[in-house]
Amino acid sequence: MNEAYVLLILIFNLSLGHSYQSQGIGIKIKGDNVTVTWNKPSSDIKSATLEVNNIVSYKTIYRADLNGTDSLHTVQLSPCQKYKVKLRFVNISGGKYEVDKDFVLGGEYLYTSVDTNITFSIPKLPDHFYTVVSPTGKSILEVQGKHVIVNNDERGRYKIKTTAQHFVISVHNVRQVDGGMFKAKNSELLEGECVVVFVTDKPTTPSISYNEYPFVGNKANFTCISKVQRWPSDNSENLSYKFFWNGESRQPNTIIRRSDTGASVTCQATDDRGQQSPSSDSLILDPYCKPKNVIFQRRKVAIRLNFIEGITMFVESNPTPNVTWIQNSPYPWTISRKYVKTVPKAQISWYSGFDGGAPQNFSINLESTTDGSRTITVPSEKKDEGDLVLFIINGLSSDAYYNGQIVSCNEYGKTEVEFEFETAEVNDGLSERETIIYPLVICGIIGIIVVFVIFKIKEKCKDSKRKILQTGHFHYQDSSTGHKEHV
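Numbered per mature numbering (1 follows the signal peptide of the UniProt record, and there is no 0), the sequence shown spans residues -19 to -1, 1 to 468.
No farther apart than 35 angstroms at their CA atoms in a straight line, the calculated lysine-lysine pairs in the DSBU-like style are these:
#1 Lys63 / Lys105
#2 Lys326 / Lys271
#3 Lys166 / Lys65
#4 Lys208 / Lys65
#5 Lys119 / Lys82
#6 Lys105 / Lys65
Bear in mind the hints are in silico, worked out from the structure with no lab data behind them.
Please model the complete structure; the sequences and the hints are all you need to start from.
Below, the structure is given as C-alpha cells:
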C-alpha cells in the first residue's frame, strides 16, 4: 500500500477563563498503521483519551487512556474505512475539552482535477455476490454469480472493463462528487481493497489586503488569502502566493515609492498540485506621503501695523496636512486660514445700450480649445439704456482658456463685443492661504478668486445716430458661498 500523510487542522474553542490558540491534529498513515499527533490545548492538561470510531458502523474501534504529557499515539486500523478520531482532554481543575476530525484510510491514493479523466482498478472479491460502490455510497456495478450488472447513474461518465482479477474503472469529466472512496464489498461486510480519489479544483479567488496604510518610503506588507479546494479534504493548506504590480511580479513586502501611486496590485495562489487560482481583485495604491516641497509665494512680506497681510504657501502632501506657523518675532500673530478654490462658474456683467425703440436680445458665444464651444441665450428681460445686465456662465473647467462674444441683436441690427479669460487651478486641492494678522483677530472665511475683464464695445450698427456705450467687468463667484466681490 502507498504511504500518505494527511494534516488535519482542528480548532479548540476553550473557555474557563484561559486564552487558547488553535491546535492541530496530525495523521500519518503508513500501511495499516496510523500515527496520531496533537498539541495540548494548555499546559495544565492532566490526562487525555484517544478514541477512534468507524463512521459507517457507528462502532468504537479503538480507545486509549493517555497521560497529560503524551503528544502522539500509534494504532493499527483496517484499511478502506472512514474514521473519526476524538481527543478528550482533562486539566488539573477538572475542565474538559474535546475535539474530533474525520479521515479516510485507503489502500491506494490518487489525485486528479475537476473536468479531467482518471482510470484505476479494484481487485475482485473471492465471492459470487458483491457490489462496487462510489464515494456517494451508490452501487456502480453488481456481481451476481457469473453476471456483472453495471448501474451507471452518472450519465455514462463511468466506463467499466472486466479482467480476470480486476474491475478497471474510468471516470470521465471528474466532478466534486467523485472525490472519496471506491471499493468492493458484500452484504456480510466482506470488504476488499479500495481506491481513494482526491478531486482538486483551483484554489478560491484570493483576497488581497495590507495590515497598515502604506507610506512612501516604508514597506507595505500585503496579505493574500485563498483556500485549497479538494474533495474529500486532506486538509492541505500548502499554498504559495505571487504578487503583481501592474502585471509585473514583485515581492509582497516591497518599499513603496511615490511613483507607485495609482498602481494596481493583485495576487494569485498556487496549491501543492500546481493548480493556480484566479487573480484577486485589484488594490489601487494611494500611499500617504509626508509634507514636502513647502513653497512660499513671497519670501519677504512687509508687515504693517493694523493691516492684514497675506502669505501664500504651497504644500505637497497626502493626506492634506495640518499647517502650523512658527514665528521668530517678539510680537504675537493671529493666523486665519483661507482655502483657495477654483470656482466652477463665472459672472459676466454689462450695461444695456440704446435699442432704437425695439427690444434687444442678448446671447453669449463661448469657445475653448479644451472645453468645446457653446452658444448661451440670455433670458429675455426688459432693460432700458444704461441698465446693468448680470449673467452667470456655469460648467467651466479649470486650467482652460476661453474667448467669446456678447451679442446684442434686434430688428435694426446687431452689436458684438469680444472678451477672453483663463481659469487656473492654483492649489491642486492641497495649498492653503495663510493670512497673518496683527493685532486684529478675524475668523477664517472661504477665499474668493476675483477676475475682471473690461469690455470695449465697437459700434457696428448701421444707424450712426445710435451710440451704444457699454463697459463691463468679469469676475468669478464662489460656488460654495455665492459671495462675490469687486477689487
